[in-house]
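Take these sequences, add in the hints, and give me the full structure.
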Amino acid sequence: MSTTEIAAPLLSLEQKKRSRNVGFSLIFLALISAFFLSARPGDAGFKLVESFTLVLPAQPFAQALAVVLGALGAVQLYRGFGKWTNVVLAFATAMFVVGFLAWATSGGSFNMTGMLQDTVTRSVPITLGAIAGILCERSGIINIAIEGQLLGGAFAGAVLGSLYGPWVGVLGAMAMGVALSALLAVFAIRFKVDQVIVGFAINFFSLGLTSFLSQRVLTPYPEYNIVKPFTPYAIPLLSDIPVIGVALFTQTYFVYISVIAVVLTTWFMYRTRWGLRTRAIGEYPQAAGTLGVDVLKLRYRNVWIAGAVAGLGGAWWPIGTVGRFDQNITNGRGFIALAAVIFGRWHPVGALSAALVFGLAEAIQLKMSNLDTGIPSEFLLMAPYLVTLVVVAGFVGRSRGPKAAGQPYDAQ
Numbered sequence: 012m013s014t015t016e017i018a019a020p021l022l023s024l025e026q027k028k029r030s031r032n033v034g035f036s037l038i039f040l041a042l043i044s045a046f047f048l049s050a051r052p053g054d055a056g057f058k059l060v061e062s063f064t065l066v067l068p069a070q071p072f073a074q075a076l077a078v079v080l081g082a083l084g085a086v087q088l089y090r091g092f093g094k095w096t097n098v099v100l101a102f103a104t105a106m107f108v109v110g111f112l113a114w115a116t117s118g119g120s121f122n123m124t125g126m127l128q129d130t131v132t133r134s135v136p137i138t139l140g141a142i143a144g145i146l147c148e149r150s151g152i153i154n155i156a157i158e159g160q161l162l163g164g165a166f167a168g169a170v171l172g173s174l175y176g177p178w179v180g181v182l183g184a185m186a187m188g189v190a191l192s193a194l195l196a197v198f199a200i201r202f203k204v205d206q207v208i209v210g211f212a213i214n215f216f217s218l219g220l221t222s223f224l225s226q227r228v229l230t231p232y233p234e235y236n237i238v239k240p241f242t243p244y245a246i247p248l249l250s251d252i253p254v255i256g257v258a259l260f261t262q263t264y265f266v267y268i269s270v271i272a273v274v275l276t277t278w279f280m281y282r283t284r285w286g287l288r289t290r291a292i293g294e295y296p297q298a299a300g301t302l303g304v305d306v307l308k309l310r311y312r313n314v315w316i317a318g319a320v321a322g323l324g325g326a327w328w329p330i331g332t333v334g335r336f337d338q339n340i341t342n343g344r345g346f347i348a349l350a351a352v353i354f355g356r357w358h359p360v361g362a363l364s365a366a367l368v369f370g371l372a373e374a375i376q377l378k379m380s381n382l383d384t385g386i387p388s389e390f391l392l393m394a395p396y397l398v399t400l401v402v403v404a405g406f407v408g409r410s411r412g413p414k415a416a417g418q419p420y421d422a423q
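Be aware that the sequence shown starts at 12, since it is given in my numbering, and climbs by one per residue.
Please keep in mind that the hints were generated in silico from the structure rather than gathered at the bench.
Cβ-Cβ distance ranges computed for the label pairs, FRET-style:
1) Lys203 with Glu61: 55 to 65 angstroms
2) Phe390 with Ser120: 21 to 31 angstroms
3) Ser222 with Gln74: 46 to 56 angstroms
4) Gly219 with Leu42: 44 to 54 angstroms
Values in this document were obtained by computation on a predicted structure and should not be read as measured data. Where is the CB? At the ideal position from N, CA and C, for every residue including glycine.
Put into structure tokens, the structure is as follows:
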């Protein structure tokens, strides 16, 4: 029996398991809608523009949502939706989020457009961190050090941005990301140390170093930690579009840069010789080396580029939002970026979609903290990480990364 014949039943079994999990998840959401979300009467107002607020009756909407989700779950368990499964799941999840927001806001209103704008904004470091992970893993190098690169970039961006301006801070953050990625490259490529261990070592090194310097330098010299962050820039004409204009086209430069990074990475990865060679050394480095590709040199180069992108993502905190550096300011976003790599199936556009999902979870968490929902604040703080666990463990299914990721290469 061939390998293909053995793998086919296994793949079919995995697909059936995922289909069953999706069906049970839809029914679970239906039960939550029926017995929890429908228990709170009142109208919820979603302010979209200054002159228009969408009003939803929270209780009837939750009851109707329970029926729809239950029906979708039953159909999924009985026969499935085939290639439309992901579309149905995305629709059901979006409707459940709307139902949850209606429950939380019943009797009041909130700015829906502002929450969408916040979602896009907060997806930036996750998007750039995920691109850094994709560039490395497509080259055969597992980059667990995204968290440390983001944190190092945030520190360098804060200090240099305070002294010489925000754009110099951005360049300094990228340089710090390259320096930390150089450590990863040397130990993982040259000395063939386990890449996961090296990544965690860089994370702890970056956390310890930035915490030490923050206490010994930034605390006694606060003038080194006051950055004038970028203000949102409204793109002419596009920013005038209702809802979408504010959410997508009235943002800081970081948002626009992250979208450009996704577009450029996708283009170069799948339309250029560099991209073809990068994917080759991540899948079959021995074959690529036989055909004349300098595997080691290309891996070094790509890891450095990834470090620059991650450092840019770290600069988002001091230069794109808060205007200063605080200890452990990244708060695990590098690991969420790794989840976005897996959720996005090692594709830049997929990673962007995943980053928006996680950004939405964080935006909702911030919005819920301002509403009287009765949910403990500790549970609200857990929301982005719970979404990460649920998405990766429950909905992604079987994802296959580059075959050579994590494997050292010996030049012949």
